[in-house]
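Trainee: Chains as they are written, first to last, in our numbering: chain A, 586 to 1080; chain B, 50 to 283.
Hints are computed from structural coordinates only; laboratory data are not their basis.
Keep in mind that a hint or two might mislead.
Said to hold, decoys possible - Label pairs and their computed distance ranges (CB to CB):
| no. | chain 1 | residue 1 | chain 2 | residue 2 | range |
| --- | --- | --- | --- | --- | --- |
| 1 | B | Phe252 | A | Leu598 | 27 to 37 Å |
| 2 | A | Leu598 | B | Val130 | 25 to 35 Å |
| 3 | B | Ala158 | A | Tyr871 | 30 to 40 Å |
| 4 | B | Gly248 | A | Ala1061 | 50 to 60 Å |
What the hints assert, rightly or not - Calculated pairs, SDA-like style, for lysine to any residue (alpha carbon to alpha carbon, straight line, at most 25 Å):
| no. | chain 1 | residue 1 | chain 2 | residue 2 |
| --- | --- | --- | --- | --- |
| 5 | B | Lys173 | A | Glu775 |
| 6 | B | Lys173 | A | Pro866 |
| 7 | B | Lys173 | A | Gly855 |
| 8 | B | Lys173 | A | Ala859 |
| 9 | B | Lys173 | A | Thr772 |
| 10 | B | Lys173 | A | Ile797 |
| 11 | B | Lys137 | A | Tyr733 |
| 12 | B | Lys173 | A | Gln867 |
| 13 | B | Lys173 | A | Thr782 |
Since this is a predicted model, take the numbers as computed values, not measurements.
Note that the Cβ used here is the ideal one computed from N, Cα and C, for glycine as well.
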Amino acid sequence: MNALFATLLIPLLGTLLMAVVPRCRIAGWVNVAFAAATTAASIVLALEIFESGPLLSPGKFFYVDAFNVYLLVLTAFVATTTAIFSRPYMDHELAQGRVNNRRMRLYHAMYQGFLFTMLLALSTNNLGILWVALEGATLATVLLVSLYRTPESVEAAWKYFILCGVGIAQALFGTVLLYFAAASVLTSAEDGLLWTTLHGIAGQLDPTVMSIAFVFLLVGYGTKVGLVPLHNWLPDAHSEGPTPMSAVLSGLLLNVALYAVVRTKMLVDGALAAAPNVPQPQLAGYLMMAFGLLSFLVAGLFLHRQRDIKRMFSYSSIEHMGLMTFAFGLGGPLATFAALLHMTLHSLVKSAIFVTVGHATHIAGTQAIDKIRGLIRTQPTVGWGLLLGTAAIAGFPPFGLFVSEFLLLIATMQSWPWLTVVLLSGLAIAFAGLFRNIHPMVYGNQPEGQTPVKANMLPVYLHLLLALWFGLAIPAVLAQWFDQATQLIAGKGVL
Amino acid sequence: MNFAQFTLQEQGVVILAALVLFTSFSLLAQTRIIACIHAFAWQGALVAAATAMVALVAGQHHLYISALITFALKAVLIPWVLHRIVVKLQITREVETVVNPSLVLLAAAALVAFSYYVALPVEKLSTLATRNTIAISMAVVLLGMLMMVTRRQAITQVVGFMSIENGLFFAAVVSTHGMPMVVELGVAFDLLVATVIFGVFFFQIRQSIDSLDVDRLSRLAESTEEEEQQDNHG
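Taking the hints into account, I'd like the entire structure generated from these sequences.
Mentor: As structure tokens, then:
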């Protein structure tokens, strides 16, 4: 219990403190310290959950089980390593004059605020608060996207704000409908938005209202996940902001939005399965499969025509989120296990890639793919980091993403054999799209006068090593953990 | 639906709901920015009044607080902030051209019919006297989206956004007598922060493109990349 409060209060305190720390040289370190303390608290929380099962806070306001606790740890961990990268990176930006002291203060305060809203969204039991926290995460990051105040970044931030705002408004309507469905069953409506209560009475909820609610919730939170055709804001917002922001947006925020979709899917599935003569009891799953597959394929094709390195990796995020949405939609223990593993590995690898890309753009002085050349010659650590990271994200064998994609393919083969062909060709398209752009950037002749920069590659290698470790042998504790989460979502585990 | 069976207060709720929908239409048709903001303020006031009326009908005292917050936020504070920004940016006299205004209004009417169709199964389940206004609240949400699609000025887009928010709040009030208080406070807080950020944005957009016409924000579109590519090859 205390560990949970610590996990939430530390970043909240950080937000307030960072807003008043005047010197940004210290602020970078303080930022790291707060994020690290949050990680420590979340690990303690995870161990508590592992030993004593799901935790429901006395006021029923927070609910932490195997599914969200690992996302809490992952979120805090990636935020910490990104903060380590962010300190010298933002110092460099400050020295270049792209930001000033006031904006640095905003940046650090909002970094912590963003972390807080994500952790709140993950740990709350109240679906209304989940919405409030996700909208809060948008609000915390929107001014960071326009931090450089270039016309492009202002445009990206405006698009992000408006499209996500409208999208997530649909999710609020869906939440109102959920509450409505619950209020007509419960005697006291006050508990009608608590996930634990809703899950308990899922079988009695009206199936028609729940279906309509899920469509609204999927469109709403799907906008935040970046599902095609609601993805327009994502490449802009992820490419125009400061690179540490891109890393946490791509690596973490998309997960939290997908988490919200999966939680509501569990309720709708319960309602539809219990009701007699529903024409389509798998409605939620089918919708997620369709949207996921579409996003996966479209984003894979878009990878081929990108000219900005950060935009390219943003499309790769859409592609992977599509794959995960598809896997959760497919349901069943194996696909769910694969999706959970994929979620973790994608966060680790994608944030590592963005950190490397941040260094690469400092070396080349631009984000244009045609202008970045010969990274391995100039600075081997960055060049190899980019190459290995891309290999990992494309699903090359020794890395963990290969395992999760392989598991997903097997699960698809079992229930929808024809879709395996689509998935495999999609993976090939994405693979080709990434490597045709990456190859000249890491090899190739370096332009004259290109010099190495001071780079902190520790977060990159840490993340890639973890991805490698998960690919070779998933630690027993973690496998157990994913299995527990799978049991919660899919009804039974795989182990 | 038989109006004669309703008590006077229940009829009042229905009439107020109809007026809220009417303000949505007038938002769509209004081309002057200032008038748009005024129509939005009226919508906020009407939603607040309808909420207070529901509170009276259903004897739900916490709804009086919601009505008060709504009135303060959506009928007074947000319109006032927007008004000040318009004055500060010196665009008080600006008139916006809407492409095919009659077509937009026809589409709006179609959306209202559509929301009645979608809301049918929801209404069947409800026992509240206000249940037939659920369709109206959904229509307000959809009309707000239509407004955001058809408008080009950043400020009128924000008005559309806030009007969606009005529709959502109204939906919660008429279908379930409001969300739990903690959620409502959270949503109101988000809205407040959003207003501040929108304010900051108007100035940033103005600074970067020297106008508030968001159509000119088009540097990042995928199609322009292709054109650039062609330029480079040619």
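Trainee: All the hints need checking, so say for each whether the structure fits it.
Mentor: Hint check:
{"no.": "1", "hint": "Phe252/B - Leu598/A: 27 to 37 Å", "result": "31 Å, holds"}
{"no.": "2", "hint": "Leu598/A - Val130/B: 25 to 35 Å", "result": "30 Å, holds"}
{"no.": "3", "hint": "Ala158/B - Tyr871/A: 30 to 40 Å", "result": "32 Å, holds"}
{"no.": "4", "hint": "Gly248/B - Ala1061/A: 50 to 60 Å", "result": "53 Å, holds"}
{"no.": "5", "hint": "Lys173/B - Glu775/A", "result": "22 Å, holds"}
{"no.": "6", "hint": "Lys173/B - Pro866/A", "result": "21 Å, holds"}
{"no.": "7", "hint": "Lys173/B - Gly855/A", "result": "21 Å, holds"}
{"no.": "8", "hint": "Lys173/B - Ala859/A", "result": "20 Å, holds"}
{"no.": "9", "hint": "Lys173/B - Thr772/A", "result": "19 Å, holds"}
{"no.": "10", "hint": "Lys173/B - Ile797/A", "result": "14 Å, holds"}
{"no.": "11", "hint": "Lys137/B - Tyr733/A", "result": "24 Å, holds"}
{"no.": "12", "hint": "Lys173/B - Gln867/A", "result": "24 Å, holds"}
{"no.": "13", "hint": "Lys173/B - Thr782/A", "result": "24 Å, holds"}
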